[in-house]
Amino acid sequence: MSRLLRLGIGALGAVALFTFIVTRPQPTPFMPNAPLTSNIRAPEFPTGADWLNTDKPLSVRGLKGKIVLLDFWTYCCINCMHVLPDLKKLEETYPNELVVVGVHSGKFDNENDPKNIRNAILRYKITHPVINDPESQVWDEYAVRAWPTFVLINPNGYIVNQLAGEGHYEVLNRQIAALVTEFKARGELNSSPLKFALEAAKVEKTPLRFPGKVLADAGTGKLFVADSNHNRIVVSDLTGNVQAVFGSGAAGLDDGPAAKATFRNPQGMALSENGEVLYVADTDNHAIRALNLKTRTVDTIAGTGKQAAWRSGGGIGTKAALASPWDLLRVKNALYVAMAGSHQIWELNLDTKLIEPSVGNGAEARYDATLTESALAQPSGLATDGKLLYFADSESSSIRAVDFGKDIVSTLVGGDANPRNLFAFGDKDGTGFEAKLQHPLGVAFANGKLYVADTYNHKIKVLEPQSGQIQSLPLNTTFNEPGGISAAGNRLFVADTNSHKIKVVDLKTNSVSDLTFKNLPN
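Position 226 (the sequence shown) corresponds to 226 in the working numbering; numbering is contiguous.
Mixed in with the good hints, there may be bad ones.
To be verified - Straight-line alpha carbon distances no greater than 30 Å define the calculated DSSO-like cross-link-like pairs of lysine-lysine that follow: (1) 406 x 387; (2) 205 x 115; (3) 459 x 115; (4) 260 x 125; (5) 89 x 222; (6) 260 x 195; (7) 195 x 205; (8) 115 x 89; (9) 428 x 449; (10) 222 x 518; (11) 459 x 319; (12) 205 x 184; (13) 56 x 222; (14) 294 x 260; (15) 294 x 88; (16) 222 x 64; (17) 428 x 459; (18) 459 x 205; (19) 428 x 508; (20) 89 x 125; (21) 260 x 319; (22) 125 x 508; (23) 115 x 428; (24) 222 x 449; (25) 222 x 294; (26) 387 x 332; (27) 202 x 88; (28) 64 x 202; (29) 428 x 353; (30) 319 x 332; (31) 222 x 205; (32) 306 x 387; (33) 184 x 202; (34) 319 x 89; (35) 205 x 125; (36) 64 x 184; (37) 125 x 319; (38) 332 x 306; (39) 353 x 332.
Derived by calculation from the structure, the hints in this document are not laboratory data.
Given the structure is predicted, the values throughout are model-derived calculations rather than measurements.
Produce the entire structure from the sequences given, and follow the hints as far as they go.
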């Protein structure tokens with residue numbers, strides 16, 4: 001059976017299931033208070049599979065005596081990113097008793113390449129072993145239906161619990177603690193520490209580390225780079241002369257002077273009208289930060305630092321909880337936020353600091369309707385031509401537009417006729433539904449055209465708004481999961497995330513060059 005059918009997304013009647021389990025479920029009543037004994041033996045991992053973060057394959061039998069927690073994930077999925085802090089806390093609480101094993105059952109074709117999974121492991125700073133499951137063999141054997149899903153296995157190799165979605169830390173922590181007590185008393189718990197050969201130990205330092213977004217401003221002549229994995233913002237001119245760095249490099253949520261402030265995986269940026277303040281989507285802090293470019297100080301203007309609950313309604317400034325803001329776009333005194341974690345676009349009034357949902361009902365789908373009735377799927381990039389707001393709807397692999405005057409959301413290219421189908425992806429130029437993209441993350445409007453970072457196709461494409469035609473730019477180089485794109489004059493600046501570079505596209509010649517930064521510390 002195809003994964004499409006397993007997830008139940010083919011029919012309109014399955015919308016509630018898809019939204020509830022795959023995108024952002026509430027804690028689900030699968031077996032939250034299940035007994036810690038079971039007669040269901042955990043299936044063995046397949047032989048010959050690719051393993052990462054370990055120098056040798058693992059087996060369920062070889063992990064006897066350990067509590068094992070399987071995390072079924074795919075690296076595009078915002079919900080899978082959301083549970084990583086929970087996994088880290090569990091690993092730190094039970095360092096010798098618990099072994100977390102990531103099972104990467106990729107959604108997109110691009111996600112099945114071990115090299116790309118390795119980059120995702122480094123980008124998300126995952127420190128447990130991961131098995132690549134490109135044909136969904138492990139997924140099928142464990143009867144998994146959603147990303148993320150956890151399977152808890154006791155020290156004797158029997159399944160204790162299976163939980164889908166987010167919000168299960170307390171249940172897992174309680175059950176793991178009970179298993180520790182029970183199997184330690186029985187003398188069947190192996191508390192000897194295990195060491196794994198992590199991918200992070202094999203990398204070299206680079207000036208930029210997985211840059212997610214870039215913002216070029218022709219008016220001020222400045223370039224802003226979200227140096228995401230270095231947890232900092234780099235400010236330079238358009239030729240790469242570094243003028244300032246905001247962020248100490250440590251992961252945190254500290255305001256203050258540029259050198260002492262901290263961020264956590266910053267992404268999209270927008271510049272104030274006077275060019276003196278840079279707004280930053282501090283994604284993993286679930287916050288919006290304001291960087292004063294004159295005083296070189298950082299303030300938090302929205303977000304509590306904790307992820308918002310599903311379908312939260314916003315609020316005022318730092319009292320409002322946000323969910324993985326991924327990109328920003330300023331229009332006059334409004335800051336539009338691609339709120340990837342809630343599948344919506346929010347609006348922040350820069351005068352009153354009121355921030356609230358503006359587009360999307362919170363369900364995950366590519367459903368065109370009014371602003372409040374429409375459904376989005378992990379919006380990750382924003383741009384405007386002054387009339388429409390364009391956004392990269394990454395999980396539906398489409399480019400869509402918001403017309404605030406007509407109160408309507410429409411799909412320009414990508415997806416297919418079924419608004420619930422989030423698996424209509426590929427690499428095909430054309431118009432409307434016949435065109436296919438693969439998890440685009442960035443858009444930029446310039447010279448009457450919309451440029452698209454077609455991330456998982458490793459391409460830059462151009463959309464003609466009048467004709468609705470999208471086509472690949474005939475460039476002299478390849479990209480590696482470009483996540484951000486910005487235009488200044490006849491140049492595109494591209495955050496080529498997995499190559500750790502900013503690349504510059506000359507639109508007159510279609511040539512591409514690497515931007516070299518001067519005086520930028522690693």
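Original post:
Quick check: which numbered hints come out false for this structure?
Top reply: 5, 6, 11, 12, 13, 15, 16, 22, 29, 32 and 33
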